[in-house]
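Visitor: Given the structure of chain S, go ahead and fit chain C with the ligands onto it with the hints provided.
As you go down the protein sequences, you meet chains S and C in turn. All the letters of the first sequence, read from the start, carry residue numbers 148 to 1032 under this note's numbering. All the letters of the second sequence, read from the start, carry residue numbers 24 to 203 under this note's numbering.
There may be inaccurate statements among the hints.
To be verified - Result set (EDC-like, lysine to aspartate or glutamate): computed pairs, CA atoms no more than 16 Å apart in a straight line:
#	chain 1	residue 1	chain 2	residue 2
1	S	K377	S	E943
2	S	K382	C	E98
3	S	K377	C	E132
4	S	K305	C	E98
5	S	K382	C	E101
6	S	K305	C	E101
7	S	K302	S	E335
8	S	K382	C	E116
9	S	K158	S	E434
10	S	K710	S	D515
11	S	K460	S	E472
12	S	K403	S	E434
13	S	K377	S	D298
These are calculated hints, taken from the structure and not from any lab test.
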Amino acid sequence: MADQSVHPALKPGDEEIKLVINGKEVVGKKGETIISVAAREDYYIPHYCWHPALSVAGNCRLCLVEIHLPNPRNDNKLAPLPKPAIACQTPITEGMHVFTDSQLAKECQEGMMEFLLVNHPLDCPICDRGGECMLQRYSMEYGTPHTRMRDPKRKYLKPEADPLIDIERNRCIMCTRCVRFCDEVAGEHVMGVFARGSDNYIGTFGQGPVANILSGNVIDLCPVGCLTSKPFRFKARVWELLQTQSTSIWDASGSKVTHWTRNGRLYRTTPPSRKYHGVYTVNEDTEEFIDNITRFGSDFPSHENRWDESRVKFGENLLPAAFTEAVRRVATGLKKVADEHGPDSLAILVSPRSSMEEGYLAQKLARDVIGTENIDWRVSFQTAEAAEAAAQAFQHANGDLEDGFDAVVVLNGDYLHSVPAFAMRLKEHARLTGKPIVQIGHHHDAFLAPHSKYKFHCAPGSTAKALQLLSKGVGGDTSVVSELAKIFSTESSRVEALITLLKGVEGRGLVLQSLEDLNGLLLPNEVPAALAFVGALGGGWKYIPTLRDRNAFGLHAVGAQPKADAEGKSVNARQLADAIEDGTIKGLLVLGADALHHSPDRERLLASLGKLDFYAVSDLFDSDYTRIADVYLAAASHLEKDGTFCDVEGNLARLASTEGLVGGARPEWEMLTGIATIMGSDNFAYETVEDVFKEMMSVIAPDFKGTFKKLLLAGPRNDNSIKDPGGARTHTKDYNPGDYRTDGAHFRWTGEPVAIDDQTAAPRSVPESGFDGFLLTWGEHVQGDDYHLNHASIVELLQKAPYVELNPVDAVKLGAETGDRGTLDINGESYEVELKVCEGPAPGVVYLPAGLGGIKLSGLTDTQAVKLEVVKSNALAEAGAGNTA
Amino acid sequence: MLVDFLKGSALALKHMGNFIIGKGNVTLEYPEVKREQPAFFRGRHRLQRYRDGLERCVGCSLCAAVCPSEAIYLEAAENTDENQVSAGERYAEIYQIHLLRCIFCGFCEEACPENAIVMGASYELAMNKRTDFIAEKDDMLDPAEKGFGDYHEYDPYISHVTPESDKSAKGDPWAVKAEH
Ligand code: SF4
Ligand code: SF4
Ligand code: SF4
Ligand code: SF4
Ligand code: FES
Chain S
148 MADQSVHPAL KPGDEEIKLV INGKEVVGKK GETIISVAAR EDYYIPHYCW
198 HPALSVAGNC RLCLVEIHLP NPRNDNKLAP LPKPAIACQT PITEGMHVFT
248 DSQLAKECQE GMMEFLLVNH PLDCPICDRG GECMLQRYSM EYGTPHTRMR
298 DPKRKYLKPE ADPLIDIERN RCIMCTRCVR FCDEVAGEHV MGVFARGSDN
348 YIGTFGQGPV ANILSGNVID LCPVGCLTSK PFRFKARVWE LLQTQSTSIW
398 DASGSKVTHW TRNGRLYRTT PPSRKYHGVY TVNEDTEEFI DNITRFGSDF
448 PSHENRWDES RVKFGENLLP AAFTEAVRRV ATGLKKVADE HGPDSLAILV
498 SPRSSMEEGY LAQKLARDVI GTENIDWRVS FQTAEAAEAA AQAFQHANGD
548 LEDGFDAVVV LNGDYLHSVP AFAMRLKEHA RLTGKPIVQI GHHHDAFLAP
598 HSKYKFHCAP GSTAKALQLL SKGVGGDTSV VSELAKIFST ESSRVEALIT
648 LLKGVEGRGL VLQSLEDLNG LLLPNEVPAA LAFVGALGGG WKYIPTLRDR
698 NAFGLHAVGA QPKADAEGKS VNARQLADAI EDGTIKGLLV LGADALHHSP
748 DRERLLASLG KLDFYAVSDL FDSDYTRIAD VYLAAASHLE KDGTFCDVEG
798 NLARLASTEG LVGGARPEWE MLTGIATIMG SDNFAYETVE DVFKEMMSVI
848 APDFKGTFKK LLLAGPRNDN SIKDPGGART HTKDYNPGDY RTDGAHFRWT
898 GEPVAIDDQT AAPRSVPESG FDGFLLTWGE HVQGDDYHLN HASIVELLQK
948 APYVELNPVD AVKLGAETGD RGTLDINGES YEVELKVCEG PAPGVVYLPA
998 GLGGIKLSGL TDTQAVKLEV VKSNALAEAG AGNTA
Chain C
24 MLVDFLKGSA LALKHMGNFI IGKGNVTLEY PEVKREQPAF FRGRHRLQRY
74 RDGLERCVGC SLCAAVCPSE AIYLEAAENT DENQVSAGER YAEIYQIHLL
124 RCIFCGFCEE ACPENAIVMG ASYELAMNKR TDFIAEKDDM LDPAEKGFGD
174 YHEYDPYISH VTPESDKSAK GDPWAVKAEH
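Just chain C, same shape as in the assembly:
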């Protein structure tokens, strides 16, 4: 009986020792220290850009269509020469995700043909007002600037070709004439 008592105490002392020297700790000094998340973690959404700064999202609405909780609302618009926002002809003028409706299923990320919307690592989702739960496009494009946690850099692996830079475009006789 005494042996059992000593065994138990030894375990307690071992853990106390580990705690003091900081080995095998699971508690973090949150919020100063934030927990690292695995790559597949589905946290607060993030919208990606290309290296040249253009947005990946072309406002196709597929994420909104697939979203089971209808959390995504977006309105698209057309890029112009003066205002080139995304790499395609079309971009999302308004892009909102209602984080109170979102169930973080990640379907939007899966549906996106442009790898534009991705599930980020941030799990800090407390806000003061209900309206703050509507994440706007800028909040997701530049989350660090907007104070929504830090993220590991997402490496864009698709380079893009704009119609202008693509020399294989065939002109029709009038279009060419119109250019001159």
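Chain S extracted, bound-state conformation:
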């Protein structure tokens, strides 16, 4: 009992069990299985179906071990169990003796390997799993070198099910990892085991695709070459690729990734590889899962439209120029505008995918050298007020999922399609611990819905009011219950139960708010309401705002937006088009043209750029945004530069260069350093990006103890022990969730909660009931139109067809079901969409993921009534006009 602290798996209060593994006395907690205790103690037990992130299936039988138990009827003398038992499912018991490498265990492993190989094609030379295959490795370590199989092997034809995942059933060992991942983690029952006995095979229902945003993870989960990546198919062998540990630039959840490159080309992106048996691989028990956009969409820098030379305008033409010349032109151009029209006629726009160092230098350039507050990254919001509210939200962010929670309140939003890995981790926590999720608002996350204890729908615009009343309710005011019941259209008893639940949370609670919802339209009301709600709930409650933009939080932390007291007096990203039109802004520097592309009114912004006296842009591609520039600065992509990103939970992650710079492209920090220096500043003497990082951290996080290098996960390129001989797998030591915490630089706010007045909480005007149609809500979808994604090599496969979410109540009224098609009329324009019936939107509301299929919602300034007409899929099929697949 006393030495519990030495066992990381044991917490105070856990029941301790002593057992003996291979002669060594070890301790585990009650309920643990032999395999997890053994893994912790560095005894490797071979396994296929067991996976730390999935439920136990116990069907591969490779983990058989020999067990001796004390026999109470014979003086507690050790007696062997009559049969070997599987380590992945057998719970530990007091006094148990486990032998993982006894004669019996070895015979079992050998026998099971022989069974698994009976029908295995062993076509390793043409198998993409070759080199990182668990079957190959186990054959060497636990199998026999010869086969006794003389009969023809079972063979299957190959299905064409998924555009991204190649299914080669002959190689399947029926571990069902993929099936369990889809059911449990991805939350969709799409894969299954078909047929029986030795004829069984893996497949998808109705030969459909594994269409969800996390589907790519089954590729890494499959221990053999049955499920492999189609885009990576036959492109290279894994041992030829250079692994670089880095981070996703797509997912603001902060997913870590490994970029696998060769000759300067990105071949695949996977969750971070970990060291097993002295080798870095991603195929063993990867517990990190990434979204498909990160996995398949990261190769955009090698697009044919890449401009990797800087260009400057000569007359009408944009001609290639040396980097130094381009930088000089930018500096003189900006200086000229500032001299003629004053510093406030200049603005700097930073892409929300820029690194923190770049954001830091950009704001330093704007404030210290130019002398203006016109710097911003918040391009994706619908209004300027929304952007300000977002800044307020980030200012008060203080939660982290890693801490766990006892209850979580999720406000409006489609979290799975804006911060996929974060939503997945949240759902996994709720699923595995049974802690309640409460969803409140006009749009719930359908992915979280099956695990949400309470779901309260309200009309669009009433979320703020509901939160204000709830704040009063948890403060003890019982008079709000009936009003809340009215807002939520539910019985008072459910509201009372909710208030009791919220009040009863003694430990940690989380409030989640998506800043993506309606592109932030309602944020000016909802952010203060949510912050006041967190305050009313008490000390244990924390707040996390989420936004799709990868480095939104990092750029906020370095101050790449106008200071709070300058908001309104300066030009922020959403006022830019107006300011250019009326001549307030004469010169513009854009770092990353995706900043322009992601603006809801990008056509207007693009048209206004012509009015500028001076427009410089740094970017990767030949595009509408770069062709009209006075100076184009060729930027290094996320594969070519180093930098730091911050995720929605406030943790830092390092972006790392894979194989260095390409052509004349340079990282933005070099450009900014050059521009500032030529403009006359001597405060920009940085040799490397690490210097920038050090200065930045000394300003924004003086307590930071780590280093730039240590922010990077260990990988084959920075791990000096890689040549060590294999030996036992060190599962718990290699997988260290602590990697994800950057202590000392965990950007979380510690201050007083915010108060909210009745005016802010007043419901927004919404069309009166009785109107004809639905209220439209929307939010950006990661698979939608995206400047960078549009340049990825398999963009067509990654973009999703437009769909709308519809409440089951409305679906019954319309007689519609999931898979039907419909036409949606917005502002007189009609769009063809697919219908998805789910718990997401409130009754009377439809939710349209923006950006899918080129649907633009730029003109919308409020929720509006839209018409939805349903075309039944069978009607379409009869007319021969539709494809319902």
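Guide: Quick look at chain C with the ligands alone, frame taken from chain S:
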């Protein structure tokens, strides 16, 4: 002493005689006549085909992995119905051996699971340009046509079975339906 002198002269005369009648000659009239090499000779590489013309190499990269001097570079691609290059699903789209780096150790031949790359008999490795030392796939597949010496025919002893010709393939219900 005279006896020794005569003995020596006799030997010289014997060799002169042999030379004139052409017996026991070791010098060849190279380049018109080329030296026969033993079967284990490790000369210029050669890529094998099956009898039906399909390439043996499936682009598995094992030869490149084992090569101690990193002389082999290859990129694989997938066979299609229209373009069936090798007998497997995969073939080598680019296959190069840098003969200046190669140390003719024969490891590639040993590693190859398909008996595709073999060490040939040609020892003529002089070129005019450095770039010519990079042997391309075609140079090794059809060396005679490319003018890289003559080789004894390599008899392919493994017949191959394509998934289509293998009648033991079990269809799954949907796949069968999709075919009709
Ligand atoms: S799954 Fe593994 S053992 Fe099977 S063919 Fe592929 S690499 Fe070889
Ligand atoms: S496809 Fe792969 S993961 Fe799925 S059951 Fe087969 S071997 Fe396991
Ligand atoms: S003979 Fe040896 S050095 Fe030459 S290509 Fe083959 S493996 Fe490489
Ligand atoms: S020559 Fe042999 S080892 Fe080399 S890629 Fe081709 S099949 Fe593989
Ligand atoms: S790992 Fe235990 S049965 Fe598969």
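Visitor: A separate judgement is required for each hint: does it hold in the structure or not?
Guide: We went through each hint and held it up to the structure:
About 14 Å separates the Cα atoms of K377/S and E943/S, which keeps this hinted pair within 16 Å; it holds. The straight-line distance between the Cα atoms of K382/S and E98/C is roughly 7 Å, inside the 16 Å bound, and the hint therefore holds. Using a Cα cut-off of 16 Å, the hinted pair K377/S and E132/C is violated, with the two alpha carbons roughly 30 Å apart. As the CA atoms of K305/S and E98/C are separated by approximately 24 Å, the hinted pair breaks the 16 Å bound.
Among the hinted pairs, K382/S with E101/C is consistent with the structure: their alpha-carbon atoms are about 9 Å apart, no more than 16 Å. A distance of roughly 15 Å separates the Cα atoms of K305/S and E101/C; the hinted pair therefore holds under the 16 Å criterion. Our distance criterion of 16 Å between C-alpha atoms is broken by K302/S and E335/S, whose separation comes to about 28 Å. As the CA atoms of K382/S and E116/C are separated by approximately 10 Å, the hinted pair is consistent with the 16 Å bound.
For the hint linking K158/S to E434/S, the alpha-carbon distance of about 22 Å lies beyond 16 Å, and the restraint is violated. Between K710/S and D515/S, the direct Cα distance comes to roughly 14 Å. Compliance with the 16 Å bound is thereby established for this hinted pair. Proposed proximity of K460/S and E472/S is supported: the alpha carbons are some 11 Å apart, at most 16 Å. For the proposed pair K403/S and E434/S, the alpha carbon gap of about 12 Å is at most 16 Å, so the pair holds.
With a C-alpha separation of about 31 Å, the suggested pairing of K377/S with D298/S is violated against the 16 Å cut-off.
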